[in-house]
Structures are given as C-alpha cells and as structure tokens.
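Chemist: Given the coordinates of chain G, work out where chain D should sit on it, guided by the hints.
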Amino acid sequence: MLQEHCKLLAVLKETGEIVGRKKLQKLIYIAKKLEFPFFEKYQFHMFGPYSEELNLRVEEMCHLMFVEEVKEKKAGYYQYRYTLSQKGDEFLQLSDYELPKTKEILNEINSKSSKFLELVSTVLYFEDLTRKEVEEKVFTLKAKQNYTIEDITEAYEFIENLRKQTISAVM
Amino acid sequence: MTSRYGMLEEEKVFKDPVHRYIHVRDELIWELIGTKEFQRLRRIRQLGTTFLTFHGAEHTRFNHSLGVYEIMRRIVENMEKREHFDPEERLVCLSSALLHDVGHGPFSHSFEKVFHTDHERWSREIILGDTEINSVLRGMSDDFPKKVADVIAKTYQNKLVVSLISSQIDADRMDYLLRDAFYTGVSYGNFDMERILRVMRPKEDQAVFKHSGMHAVEDYIMSRYQMYWQVYFHPVTRSAEVILSKILHRAKHLFEQNYSFMDKPKHFESLFSGKITLEDYVKLDESVILYYFQEWQEEKDPILSDLCQRFMDRRLFKYVECDPSVQMKVWPELIQLFGKIGFDPNYYLVIDSSSDLPYDFYRPGEEEERLPIHLLMPNGDLRELSRESDVVEAISGKKRTDHKLYFPQDVLEDDKTFPIEKKQILKLLTSQEG
Numbered sequence: 001m002l003q004e005h006c007k008l009l010a011v012l013k014e015t016g017e018i019v020g021r022k023k024l025q026k027l028i029y030i031a032k033k034l035e036f037p038f039f040e041k042y043q044f045h046m047f048g049p050y051s052e053e054l055n056l057r058v059e060e061m062c063h064l065m066f067v068e069e070v071k072e073k074k075a076g077y078y079q080y081r082y083t084l085s086q087k088g089d090e091f092l093q094l095s096d097y098e099l100p101k102t103k104e105i106l107n108e109i110n111s112k113s114s115k116f117l118e119l120v121s122t123v124l125y126f127e128d129l130t131r132k133e134v135e136e137k138v139f140t141l142k143a144k145q146n147y148t149i150e151d152i153t154e155a156y157e158f159i160e161n162l163r164k165q166t167i168s169a170v171m
Numbered sequence: 001m002t003s004r005y006g007m008l009e010e011e012k013v014f015k016d017p018v019h020r021y022i023h024v025r026d027e028l029i030w031e032l033i034g035t036k037e038f039q040r041l042r043r044i045r046q047l048g049t050t051f052l053t054f055h056g057a058e059h060t061r062f063n064h065s066l067g068v069y070e071i072m073r074r075i076v077e078n079m080e081k082r083e084h085f086d087p088e089e090r091l092v093c094l095s096s097a098l099l100h101d102v103g104h105g106p107f108s109h110s111f112e113k114v115f116h117t118d119h120e121r122w123s124r125e126i127i128l129g130d131t132e133i134n135s136v137l138r139g140m141s142d143d144f145p146k147k148v149a150d151v152i153a154k155t156y157q158n159k160l161v162v163s164l165i166s167s168q169i170d171a172d173r174m175d176y177l178l179r180d181a182f183y184t185g186v187s188y189g190n191f192d193m194e195r196i197l198r199v200m201r202p203k204e205d206q207a208v209f210k211h212s213g214m215h216a217v218e219d220y221i222m223s224r225y226q227m228y229w230q231v232y233f234h235p236v237t238r239s240a241e242v243i244l245s246k247i248l249h250r251a252k253h254l255f256e257q258n259y260s261f262m263d264k265p266k267h268f269e270s271l272f273s274g275k276i277t278l279e280d281y282v283k284l285d286e287s288v289i290l291y292y293f294q295e296w297q298e299e300k301d302p303i304l305s306d307l308c309q310r311f312m313d314r315r316l317f318k319y320v321e322c323d324p325s326v327q328m329k330v331w332p333e334l335i336q337l338f339g340k341i342g343f344d345p346n347y348y349l350v351i352d353s354s355s356d357l358p359y360d361f362y363r364p365g366e367e368e369e370r371l372p373i374h375l376l377m378p379n380g381d382l383r384e385l386s387r388e389s390d391v392v393e394a395i396s397g398k399k400r401t402d403h404k405l406y407f408p409q410d411v412l413e414d415d416k417t418f419p420i421e422k423k424q425i426l427k428l429l430t431s432q433e434g
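Chains G and D, in that order, give the protein sequences.
Okay, so the first sequence: first residue is 1 according to my numbering, each after it adds one.
Okay, so the second sequence: first residue is 1 according to my numbering, each after it adds one.
Okay, chain G solo, but in the shape it has when bound (with noise of 0.2 Å):
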C-alpha cells in the first residue's frame, strides 16, 4: 500500500537531502524519463515539466511526518530542504519497498543545480523534436533563464550519459 510514496522515499534515503522544489520535481521528471517506474503525472510550466500529483504527494508526505520539510528563506524567494524522518524510514522498512540500482544516478542528477536540471528536463520534454527545433523552444519559452547553445550541448551530454548508465545498472 501506498507504493508511489514509498518510492518517493526511497528517492530520499538513496540522496541523502534534495535542495528545492524545483530540483525534486525535476530529479523525478528525468527519473521517470529514464525509465525508472515513477508514475507521477507531468505537465509543461513555467520552469518545464511539473507534477502537481508530486507535489502534493510530498505535502503529504510532509503531513504524515515521513519526510522533513525546512523553508528557509533565501534572497527574493523561499528554499526547501527535504529529507527523509525517522518515521519515514521506518514506514519505508516495514512496506517491504526496494527502488531499482538508481543510487548513483540519482545523485549524480541531484549533484547538478536546479537550473541546469530544468534545462535537462526541458529538453528529455521535447525530445521528440529535433535538435534545432529544441533549441527554438528553449530560447523561446525559456527566454528569462538565458541558457547557451553550449549549455544545450551540456544537457544532451549529461542525458547521454544518464542512458548509458541505466543500461548498465540494469543489466
């Protein structure tokens, strides 16, 4: 019962600590873009693909005291810390759950600034375009966070990179 939480969790033991909402909501996008079984339901805003479905799984989460919720407020805006409570992890022991090898690769996702990683998930969103046509929507819809054709070139890479090292966790 309540499997989709308890991998929520899991995410949380395996990195230790998640900086952001932004940085959650993209480390699960990329996640389930990658194949690992996250189910949460994703659409385009303001900063890329965003689950409301997550979101709120979180608060409840936080609600029931699995996961540690600290806001704390930065220049302009609000940060929130994530990590996984003594309850939690007790919760997470007794359902039994195990998340497929994604360890290091979810903290090789979570070792990467937010921006970055809303450009990752931007482009693995469009990733049915073509390279140019990315490029167009990200200069387009993505104006206000100047990104570079360099930065592009970096989360093509870094996606490349995740595959591979899916397939090799997985095999």
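Since the hints were made in silico from the structure, they are not lab data.
Treat each hint with caution, since some may be false.
A few chain G residues facing chain D, derived, Cβ under 10 Å [stated by the list, open to error]:
{"hint": "1", "residue": "E17"}
{"hint": "2", "residue": "H45"}
{"hint": "3", "residue": "N55"}
{"hint": "4", "residue": "E60"}
{"hint": "5", "residue": "M61"}
{"hint": "6", "residue": "F126"}
{"hint": "7", "residue": "E127"}
In silico DMTMM-like links for lysine to aspartate or glutamate, alpha-carbon gap of 25 Å or less [claimed, not checked]:
{"hint": "8", "chain 1": "D", "residue 1": "K146", "chain 2": "G", "residue 2": "E133"}
{"hint": "9", "chain 1": "G", "residue 1": "K41", "chain 2": "D", "residue 2": "D285"}
{"hint": "10", "chain 1": "D", "residue 1": "K113", "chain 2": "G", "residue 2": "D151"}
{"hint": "11", "chain 1": "G", "residue 1": "K101", "chain 2": "G", "residue 2": "E133"}
{"hint": "12", "chain 1": "G", "residue 1": "K71", "chain 2": "D", "residue 2": "E88"}
{"hint": "13", "chain 1": "D", "residue 1": "K113", "chain 2": "G", "residue 2": "E154"}
{"hint": "14", "chain 1": "D", "residue 1": "K275", "chain 2": "G", "residue 2": "E35"}
{"hint": "15", "chain 1": "G", "residue 1": "K142", "chain 2": "D", "residue 2": "D205"}
{"hint": "16", "chain 1": "G", "residue 1": "K142", "chain 2": "D", "residue 2": "E88"}
{"hint": "17", "chain 1": "G", "residue 1": "K144", "chain 2": "D", "residue 2": "D205"}
{"hint": "18", "chain 1": "D", "residue 1": "K283", "chain 2": "D", "residue 2": "E125"}
{"hint": "19", "chain 1": "D", "residue 1": "K275", "chain 2": "D", "residue 2": "D130"}
{"hint": "20", "chain 1": "G", "residue 1": "K74", "chain 2": "D", "residue 2": "E388"}
{"hint": "21", "chain 1": "G", "residue 1": "K144", "chain 2": "D", "residue 2": "D285"}
{"hint": "22", "chain 1": "G", "residue 1": "K144", "chain 2": "D", "residue 2": "E89"}
{"hint": "23", "chain 1": "G", "residue 1": "K13", "chain 2": "D", "residue 2": "D402"}
{"hint": "24", "chain 1": "G", "residue 1": "K73", "chain 2": "D", "residue 2": "D390"}
{"hint": "25", "chain 1": "D", "residue 1": "K159", "chain 2": "G", "residue 2": "E35"}
{"hint": "26", "chain 1": "G", "residue 1": "K71", "chain 2": "D", "residue 2": "E393"}
{"hint": "27", "chain 1": "G", "residue 1": "K137", "chain 2": "D", "residue 2": "D402"}
{"hint": "28", "chain 1": "G", "residue 1": "K137", "chain 2": "D", "residue 2": "D143"}
{"hint": "29", "chain 1": "D", "residue 1": "K113", "chain 2": "G", "residue 2": "E59"}
{"hint": "30", "chain 1": "G", "residue 1": "K41", "chain 2": "D", "residue 2": "E125"}
{"hint": "31", "chain 1": "G", "residue 1": "K41", "chain 2": "D", "residue 2": "E88"}
{"hint": "32", "chain 1": "D", "residue 1": "K252", "chain 2": "G", "residue 2": "E127"}
{"hint": "33", "chain 1": "G", "residue 1": "K71", "chain 2": "G", "residue 2": "D89"}
{"hint": "34", "chain 1": "D", "residue 1": "K113", "chain 2": "G", "residue 2": "E4"}
{"hint": "35", "chain 1": "G", "residue 1": "K137", "chain 2": "D", "residue 2": "E88"}
{"hint": "36", "chain 1": "G", "residue 1": "K132", "chain 2": "D", "residue 2": "E125"}
{"hint": "37", "chain 1": "D", "residue 1": "K113", "chain 2": "G", "residue 2": "E35"}
{"hint": "38", "chain 1": "G", "residue 1": "K41", "chain 2": "D", "residue 2": "D390"}
{"hint": "39", "chain 1": "G", "residue 1": "K32", "chain 2": "D", "residue 2": "E125"}
{"hint": "40", "chain 1": "D", "residue 1": "K146", "chain 2": "G", "residue 2": "E135"}
Ideal Cβ positions, reconstructed from N, Cα and C, are used throughout, including at glycine.
Modeler: Relative to the frame of chain G, chain D by itself:
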C-alpha cells in the same frame, strides 16, 4: 496558404443550461464540432464516476468543451482591442479552447492511472495525426494544427494565450466549476463569471484582474475550494473510482495470464498489451467500457465478476479515515487476515490518497511553478491575490491532504464464514479511525 474558412452566413447557437447560448460564427469552429473525434466526447462523462454519487452528473466532455469555447469567445471579444492581445491569435484561442479535452478517454482518471496513458499526449496525437480534426485544422494553414497542439500542451510561445486556457483562473476551470455545480445540483459552485470577464486585462504573460473585481475572484476561489471538498473529493465517488481501477487491473492481469474471457475484450487488447494506436484509442468510450463491465459480471473469475457486479449495482466499498503514520503497523496483520478469508487484499483493501485526485486548490506564488492570480491595482502595480484578500488568505496553505482505506464491509459483516477473522478485521479497521 490561405485559409479556406470564413464566417458562417448565419450564426449557429447551441442552447446551454450554464451559459444560456453558445454562439458559433466561424466556419472553422462549426467544422471542428462536426468531426467524429469531437462528437466522441458526447460519450465521455465530464466527472467520471461522480454520477454514482450525484445522479445529475451525467454531463459530458462535449458539453464542457463547448462551454470552454464559449467562455474563450467572450474573453477574446473583451480583449481583442486591448494592448498585449494579438487579434491574429483569435482562432488559435477558440480552437484550443474547443479541443483542449479532445484526448480524454473513458473514465479518464482511472484509465490513466492503470494504463499509464496521458490524455494530453492523445490530444496532441488527435490534433496532429491522421484525423478529421487535423484535416479541418489544416484548412486554416499547414502550421495551424501545431499551434493549437502547442497551446494545449502549454508550450506555445505566446504565454498569454496559454494562460487563458490553463492557469489558476482560466476558461477551462470557470466552465467546469459552473457546469459541475449545475449538474450535480450543489448550490455552492457559483460565482459571477460575467464580472470576472469584465475585469480581466491582458498582460504579457497572463491575464490579470482589476482590483475592483476582487470580490468576484474571491467567490471563484471559494467555489473551487468548496467543490473540491463537496464534489471532486467525495468519498463515495472515490470508492467507485477504487472499484473501477481494480476492475481494470484485474482484467489486465487476466489478459496477461492468457485467461480465456467469455467475450473476447477486443477493445482492450492493444491497451492491455501497451501498444495502443490512435485508431484504437478513439474507439474507446464509456458505452464500450460499460458494455464490458456488464458482460464481465458473468465471468468465471470471481474477482472480476464480483467487482463488476459491485460497480454496476452500486455496491461500493465502505471506508475509514486513516493515518498511515499511526496505523502502518497493523497493515501487515490486516493484509494477512484478508488473505485468510479468501479476499485478495490487492483488490479488496485499498488506500486512496488526496494526491490520487486530479483536482487542486488555489495556491499563492510560493510554488515557483505556477503563476498566481494577480490583481491590477489602481496605480498599475500587480499584487498577488492572497495578499489583498483576507478570504483567500484564510483558505490558502491549509492542510488539504487525507487518506482513506476502502474495503467491502458487506463481506466482513457476513459471519457465515470466517467469523473470528472478520471480527478481527473489523476491529482493526475501526481502530484506524483516530
């Protein structure tokens, strides 16, 4: 390429209980309404299983789509001569409003959960694929279908256009709140839409609302809040959704086990095998699904037939409120006891969470992802709604999550078999309620 469409010689109208009349003057819109993919929406209810709770809720995605189109038509009429709105986008706005839900399947919410499909992806396929809708849209220009698909996917370059159909206060939400309130018969879903449209002003990225119209917007937020708790989140509807999902899971499981169905479920085959085509998808509607549920009542598999009988005869599961953080330790025992009495807990003991539902509350700007509602102050500044309105502030950021545990109470109260185990299950379930 020049458009092959102009204006109709004579305006067409649809009588509508929510907006009184829906006016169609554009040939393009009239042609789109006549396509088979749009007509299919007549056979898909707007609120899925809610009709089992509120018997009036039989309205369809067809009614709603026309309603969203009508609201958009009025918005565009109001905005057409204002700064920031590009009149060239008028037909993009109207077509997107009309087609925004065209990819919805039967009992969409449960279907998407079970089969991991996405109605937005299907909307895109219907608009861009080999369909009557695509053919009509291409009559405007070759790139017109893509523009409409991009607006619906929220990836269109003109963010104002996207926001009119998808934001915290948009044509879609305004129609479904009014329409769902009307058809369910509840009295609290109403708000003054005419007033909201009058105070709506286009800006670069979204529409904002004149401060003088704040109370009409407050009413809309209250309506959304109350409909959420009273209609969308109704525990009986959730029970029906639980059973519906379990039927689909069971049928899929049986198919994968090469079970021999009495009546071959040909409409489901590509869905079960994960290879559904556009042609198969548009053949699915609620009449088809209910036909199978009717047939499956006679199946030899006891789980499938029981769940279908429950759905068709409205013998739904009961529920207890549940706090997983407190009661998690009794779940293994409950699961074991359900196994003992011969009821697979994967189908007969189901937890349903608020995050499983497709509706949400208004949230102020803290999300970083969704633009909040902005008020246009008399001095030209923009202020987020909850900072100006005590009413909205009071209902923003409140606890809005819950979990319910569903089970077949009728089975547990029948003490002809396994009386001790059933008594113990009922005791454990009752102890779930804090």
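Chemist: Taking the numbered hints from earlier one at a time, note which ones the structure violates and give those numbers from smallest to largest.
Modeler: Numbers 1, 7, 10, 11, 12, 13, 21, 25, 27, 31, 32 and 38, in rising order.
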